[in-house]
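Same order as they appear, the protein sequences are chains A and B. Residue 37 is where the first sequence starts when you use the working numbering, and the numbers rise one by one after that. Residue 182 is where the second sequence starts when you use the working numbering, and the numbers rise one by one after that.
The set of hints was computed from the structure by calculation and includes no laboratory data. Hints are supplied without guarantee of correctness; some may be wrong.
[What the hints assert, rightly or not] No more than 25 Å apart at the CA atoms, straight line, and that leaves these computed lysine to any residue pairs for SDA-like:
1) K372/A / L229/B
2) K300/B / L226/A
3) K143/A / E374/A
4) K581/B / L172/A
5) K581/B / L191/A
6) K143/A / E612/B
7) K370/A / S74/A
8) K372/A / F307/B
9) K536/B / I551/B
10) K224/B / V301/B
11) K581/B / E180/A
12) K425/B / L572/B
13) K368/A / N299/B
14) K300/B / W365/A
15) K143/A / Q230/B
16) K300/B / W293/A
17) K581/B / N323/A
18) K368/A / K233/B
19) K368/A / F307/B
20) K300/B / E223/A
[What the hints assert, rightly or not] Okay, the calculated bits of chain A under chain B, using three or more residues with CB under 8 Å as the criterion:
21) 137-148
22) 183-194
23) 353-360
24) 366-374
Given the structure is predicted, the values throughout are model-derived calculations rather than measurements. Cβ atoms here follow ideal geometry from the backbone N, Cα and C, with glycine treated the same way.
So the chains spell out like this:
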Amino acid sequence: MNLENIEFIWCSAFFILLAGYAILDGFDLGVGMLHLFSKKDHERRIMLNAIGPVWDGNEVWLVTAGGALFAGFPDIYATLCSAFYEPIMVLLSGLIFRAAAIEFRSKQPMAWWRWMWDVLFSLASLIIALSLGIVLGNLIRGIEINEHKEFVGSLSSLFNPYTYLVSILTVALFWMHGAIYIVMKTEGELHDKLRKWVNPAIIFFIMCYALTTMATLIYFPHMSQIIQDRPILFLIGVVDMFAIANIPREINRGKDWLAFVSSCVNIVCLMALFAVGSYPNVVRAINDPDHLSLTIYNSASSHTTLQILLLIAIIGIPLVIAYTFAVYWIFKGKVKLEATSY
Amino acid sequence: MDVETLARFQFALTIMFHYIYPPLSIGLGLVLVIMEGIYLKTKNPLYLQMAKFWTKVFALTFAIGVATGIVMEFEFGTNWATYSRYVGDVFGSALAAEGVFAFFLESGFLAILLFGWNKVGPKTHFFSTLMVCLGAHFSAIWIVVANSWMQTPAGYHVVGEGLSARAEIISFWDMVFNPSSMVRLAHTVIGAWLAGAFLIISVAAYYILKNRHMDFAKATLKIGLAVGMVAVILQAVTGDASAKIVAVHQPAKLAAFEALYHTEKGAPMQLFGIVNSKEEKVEYGIKIPKLLSFLAFNDFSAEVKGLDQIPKSDWPNVPVLFQTYRLMVAMWGIMTLLLLISIYMWRKQTLFANKWTLRCLVASVLCPQIANQLGWVSAEMGRYPWIVQGLLRISEGLSKSVTANQIISSIIMFAFVYFILFVLFIFLLNEKFKHGPDEQDVWTPYYQLQHYLEENE
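This is chain A alone, in the form it adopts within the complex (with noise of 0.2 Å):
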């Protein structure tokens, strides 16, 4: 195998277990958000033991990408969490209040109880996903670094109308993905009331996503400079949209399972436009994006730690692939509560 590019490999590695993160935990964030638009506590169990079983192990994918992160590029992992200061404070808050809502919510009777966790899971998914957006959007746009790799702005910086949009973007993904994922998980009265819901949601989502695109292709068009370069690379765009344009046909059809295979395809090319785009860049200095940026190639490990993490991939990636199948088969079908559900 070549491995001169290593870097290169080990980024595209980090990108994937990203992808995987935004497709998994994506639709457990989305169902979290429409979680009280549901009234009635038996459809609440049913959307919340539709992500049940699975979104542990989806979570995981956000911690090892962040491991995946530290071993490879740790210049960039620690420039990203210290500038990030408090947005990822937000998000773990967020974290852990899913859990415990999650975890806590159908263990007590009392109305006002479960109400409390309801709305905590709500908003503790609608929190996750828009400081999610909050870092994606000031990795397109930037931050401002020292030469020796520091966070030299403020918080504030980190807030302004560009990454406002790409935070909604996110909410908007999340929720036609959760939409999406929820309708094919569920039957009867319950199911016909969601499929009501998903049309808004991928109009809301287009809506943004073509604000977002004009917005990136006005004021930052260093992300679309490699396309310039490479045409080749336009062809993710065209694969999305017609994922897109796939997703209210399916549904339309009935098809659910491919509405959500459509929705998976469309994160997988916003994810691949985002890496593309900003390559070889993950952190840019707005200040100097030329000489201080933080590339694969300036924040990586050495080539013997980036050989040693290849090969832990290669040997584990195949198996958490394996048995992330298995589960999801294991708990194929339309949710059914059972003694053990939450």
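On the provided structure of chain A, position chain B as indicated by the hints.
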């Protein structure tokens, strides 16, 4: 307060809270494997009931363990960015391995363990339980390896100078099998077994005291006592081995544990006492001559390095470490004594009538928790002033872009969130234990309460 103190405080707060849960997951994981294994072998439904009951408790500890664990992973970067840059090349690969090999295994099969009772056959279910238990143990392996590398670094070289200096891996296996990693791993995992064993012992003793679920309680108690007994014996061995490694590789830490201010041949062992750090001596203590030299080096007249060999500014906090270390050992002593008494009384068939012993067993759940916490406090505070022993100081590892105010606000947030989480955890656990392992209502569903909720809608 300065950034260093705050960052250390925050790390201590979040890691100590986190460290309540993973040991319970590891210990309960082992217990679950034993219970379900016995069920598969004997087909006695009692053991299935036990496995199902403890699975629910496992789920609760696991969820909080994961939620608080993610915090730890990102905290390296948020508060200790310079440290992360310095060690990422070495430390990161252990964390990545943990994610890939341990967390996915654990969380994937957890779904089947918790929700798969009616979806897969008993053998597949047992296999899933086994994998969850294995995953929990794997997660301990990688994080303890990473932590041990900070105590006794090996398999690396330092590249660059000044701000851009960092440790890079030379040999992955030398890093993994650094001098202290395997012994500390064994010590940690057995500590976790004790946490699991004493939780089930405590609950079983509670039921026996209340004369409820007697068959369930006796069978649970038997497993708990057996696991606990094996664990305390092994813990003595690994504890001794761990101290010997500390003696060789981190003499300052050992000297702080023992408040040994002056290098001595045939050093004595202080059983207890109070350290007077001003006059550099131990007061109100009793010591056994030459024992420390023997325990550390297998030689009654061996020289044990004292704190006088180290610049005073680099001394760890001796008065605190002296006590935390002793309390940890004392907890081991209490656990061993309790186990011996209980097993003896069980054989004499007087255990179930002896209320005081049972009450002690109920309270004993705290012993392994205290021991685990104090063990880590000793291990990590003993490393002071180094964040990576001999390579990088704690003060050098901080994030340069993070201010005291940011850390204070996150400390307040974590303190608030964790306090709520802890209260709820204890409340729900207590409800679960009071309710007992009855088959009809297994905690989450609310069959009897369905009407109540429908009326309220």
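A quick look at each hint next to the structure:
1. K372/A / L229/B: Within the cut-off at roughly 23 Å; holds.
2. K300/B / L226/A: holds, 24 Å
3. K143/A / E374/A: holds, 14 Å
4. K581/B / L172/A: holds, 22 Å
5. K581/B / L191/A: This hinted pair holds, its Cα atoms lying about 15 Å apart.
6. K143/A / E612/B: holds, 9 Å
7. K370/A / S74/A: holds, 18 Å
8. K372/A / F307/B: Distance ~23 Å between K372/A and F307/B Cα, so the pair holds.
9. K536/B / I551/B: holds, 24 Å
10. K224/B / V301/B: holds, 17 Å
11. K581/B / E180/A: holds, 14 Å
12. K425/B / L572/B: This hinted pair holds, its Cα atoms lying about 22 Å apart.
13. K368/A / N299/B: Holds. K368/A to N299/B sits at ~14 Å (cutoff 25 Å).
14. K300/B / W365/A: holds, 11 Å
15. K143/A / Q230/B: holds, 19 Å
16. K300/B / W293/A: holds, 21 Å
17. K581/B / N323/A: Measuring from Cα to Cα gives roughly 19 Å; hence the hint holds.
18. K368/A / K233/B: This hinted pair holds, its Cα atoms lying about 23 Å apart.
19. K368/A / F307/B: Holds, at about 20 Å.
20. K300/B / E223/A: Satisfied, since the Cα-Cα distance of roughly 19 Å is no more than 25 Å.
21. 137-148: Since three or more residues must qualify, the claim that chain B covers the stretch 137-148 of chain A holds, with 8 doing so at under 8 Å.
22. 183-194: Holds: 5 residues of the stretch 183-194 of chain A have a Cβ under 8 Å from chain B.
23. 353-360: holds (count 5)
24. 366-374: holds (count 4)
Going through the hint list in order, the structure satisfies each hint without exception.
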